[in-house]
Amino acid sequence: MFRDKLTTITLGCILGGALLLAALNLLTPGASAAHVPGFVISLVGKYLCYAILALAIDLVWGYAGILTLGHGAFFALGGYCMGMYLMREIGARGVYANPILPDFMVFIGWKELPWYWQGFNHFWFALPMTMLVPALLAFGFGWFAFRSRVSGVYLSIITQALTYALMLAFFRNDMGFGGNNGMTDFKDIVGIPLNSEATSAGLMLISAVVLAAAFLLARAMTRSRFGKVLIAVRDAESRTRFLGYRPESYKLVVWVLSAMIAGIGGALYVPQVGIINPSEFAPGNSIEAVIWVAVGGRGTLAGAILGAVLVNLGKTWLTSALPEVWLFAIGGLFILVTLLLPRGIIGLFAARSTTAGAEAEPGAAAAKSAAREIAG
Amino acid sequence: MVLAPREGRGRALPRGSFVAALLFLLTALCGAARADEATKPDPFADIATTTADIEARGVLALAVSGSPRAAPVIAALRDGKLFAWKWPRPDTPLFIKTDSGYVDARTGDTVDAPAPVNLRKVIVSDAVRGAIETAEGALDLFSQDPAARRKSAEALYQSADPGALALIDKALAEETDPAVTRVLREARAASLLKSDSGSEADRLAAVKELAARADLQTRNLLASLQGQPPTVASAVSSAINDIDHTLQLWGLAENVYYGISLGAVLLLAATGLAITFGVMGVINMAHGEIVMVGAYTTFVVQRLIAAFAPALDQFGLLFAIPAAFLVAGLLGVLIERTLIRFLYGRPLETLLATWGLSLILQQAVRSIFGPTNQDVSSPPWMSGALQLGGLTLTVNRLWIILFALLVLGALMAALRWGGLGRSIRAVTQNRRMAAAMGIRTPVIDALTFGLGSGIAGIAGVALSQIDNVSPNLGQNYIIDSFIVVVVGGVGNLWGTLLGAMILGIVDKFVEPFAGAVLAKILVLIFLILFIQRRPRGLFPLKGRVAEA
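Chains A and B are the protein sequences, given in the same order. Sequential numbering of the first sequence, starting at 563, is according to this note's numbering. Sequential numbering of the second sequence, starting at 14, is according to this note's numbering.
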């Protein structure tokens, strides 16, 4: 289907795997050995959302050299937009049975719906918002940051400050987003109850399709002329500028697009985990997402997806089996990958086989040249 | 400046009807009654009665009589050791029961023990108990100790009772201490304004007297005045304005102090980072965790001292400082040798690797010491508060401000004049030339990182005094520290100082308007805008170093 094997394999794994799991969950009897229990489906759905976030990060870090430590903010914003829709969808079935106001607003004594909650009772309004809101924030932030040529570590630190500030803001009750409890107790989405197995499987399948689409979009983008300039910006920003390109515009476009992808990831995440709260904005989450990309292989797209799934599999297993060890493991992973595996898992394979080389090369060159750029 | 203990306020203040009663009596004593000595009531006789009102009157009269017997008699009454003659007698003897026998209440002479059948304990009812409290307050007005007199005068000022005038005048006549005199005059002014007597000129003078005091209480007192002559009323309102102005200034000063205090904390946390990040260019996300290690070292040192040398208990912090410097410094050298040195020139990778390290350090401390807060004690010389005009300065904050400046100064001196400092500067400015001159640059790299980490450890000692010592201690400071270093300008210690102070003060000034969380957010937004405007900090390095 595609000229390179890696793309085919990636798409096959995402779509085929999701279909297979959904079928095994829905079509086999509960007692059968082949039956996949419901919690696995929602877990996989969660991983797929993380993979969407990782893909978004890889797009800016791997191809534009922007190490973002705040992409979790876009993910969480998308999630909050979806959460607002799901809250409105509860309607009068809440504890206080208020048909308009969500429970937490009744609880803190609000009488009217704030203006920014208007419209979120419509799915067709909330869905584009899950991308528009992160895009707006990303545009405002990127507009200032890239135009004043903030780059490298400074940019990383202010992205971290951004998500930290948002976390503090969303913790406030009078922001109108549920304070530190966030939003939960969702009942249904476009009329379909959320607590059925079929819904979980459906959401998981949708996540897989969205991931595959985002992957193809990112792939097309990075292989286009636009993507080539982007890589040039990453490897030698000044030189690209001298050649007559405007690096800030390229960065801004990919940055906003990446934020939108992260936002839709968050929007899919919330109905599957059933809660959204300000801890999603925690800087630690965003940095952890960066390490998924690093583990899989930066600047390879497929690597980001692989890394997100692998690291989270490990996390799920370790946090239940040996909770004490998890922080040691993820910490060690950060160190080992940066020291010993700068090109990630995909890079490891790319070095051996030339068939997958087309995508992996920029990743390999990325680390060195980006480092030179920043050091110089 | 007066050193006031942190806990323990003064005793209950004499106020209300007791003060009125006391002063009514005093007026009687000093005024009309003086004309006719024969009708002068004997306070001792009054105390000996069985009527509570008269007894209370006697107590108050005794208190202001200035008699040296007042204090012991009232104390005896309070403690239930005062006895009266049971049967009517014109001289109404009173006895104080002591451990060995009885003394005459009037003279204090030991007397032959009267037969118990003739004695009646003087009953202390609630009314009398209140009178005793008031009396003990007023007793202090004539005590030998100026501090006690002052406290008592303060109490009178606060009650602002019109009836107190006579008593205050009496005390003023005897007072020698200027500070106490001032308070007494203020108390007199307050009482005068509240009373119906006093000429307009007197009142104006009183308003002037009070305006000089300029605190919130005075303002409220002035605002509560009613029915004053027009000239006095206008003087009062302008005095209130003046006081509001002064209070605003004090409020401003207080905010500046809080800001400096917060700035000092930030400075401590950021000074080490100014070395590792500022001088070496290493993005050390584990910096906060090294601070935490310093705080835990303090905890361990305190425990060791408590176990092996309890006599040195209150100097535990002094031992903790070098210990924390060593522990954190060695940890820093270890980190540099095993991790950082492979990542020079790759700041983004360094960032990720040190973030991983910070997670490991956190979990390690959590595994060893447990997730809960550890109890680090403060030595007695670090507690208490200083009163400076309208400002209350807590001593531990003062120490931290001082300590932060000291650490910064010592570090600057070391970099400027120390041997290692010279090598560090040489390597920073021109690595290859320094190497050619025989400086072993890898060793210097390790030592520089160790130095920065050691200072972070020292910061941990200070932070253990004002913050919870928990595995999350470092996380609270890492972003702030980076902000300080970035605002101040990378590689510039003066900039770090200024950056810390600016951030601290801005934070404290925004806080009253916006609340603590919003203040934090605004500071972060300010930082984001600031970096956009001045990506190289307040004091960008110029010349060759900047281009390198």
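Rather than coming from a laboratory, the hints here were simulated on the basis of the structure. For glycine and all other residues, C-beta sits at the position ideal for the given N, C-alpha and C. Check each hint, because a few of them may be wrong.
As the list claims (entries may be wrong) - Label-pair distances were calculated between CB atoms; the ranges are:
| hint | chain 1 | residue 1 | chain 2 | residue 2 | range |
| --- | --- | --- | --- | --- | --- |
| 1 | A | Leu902 | B | Leu343 | 22 to 30 angstroms |
| 2 | A | Trp677 | B | Leu401 | 45 to 53 angstroms |
| 3 | B | Pro323 | A | Leu903 | 36 to 44 angstroms |
| 4 | B | Thr385 | A | Arg808 | 51 to 59 angstroms |
Okay, the hints, checked on the actual structure:
Checking the proposed 22 to 30 angstroms range against A:Leu902 and B:Leu343 shows it holds: the Cβ atoms sit about 25 angstroms from each other. Between A:Trp677 and B:Leu401, the C-beta spacing of about 48 angstroms keeps the proposed range 45 to 53 angstroms intact. Between B:Pro323 and A:Leu903, the C-beta spacing of about 52 angstroms breaks the proposed range 36 to 44 angstroms. Between B:Thr385 and A:Arg808 the CB atoms are about 54 angstroms apart, so this pair conforms to the stated range of 51 to 59 angstroms.
Violation of the numbered hints given earlier is confined to hint 3; every other hint is satisfied by the structure.
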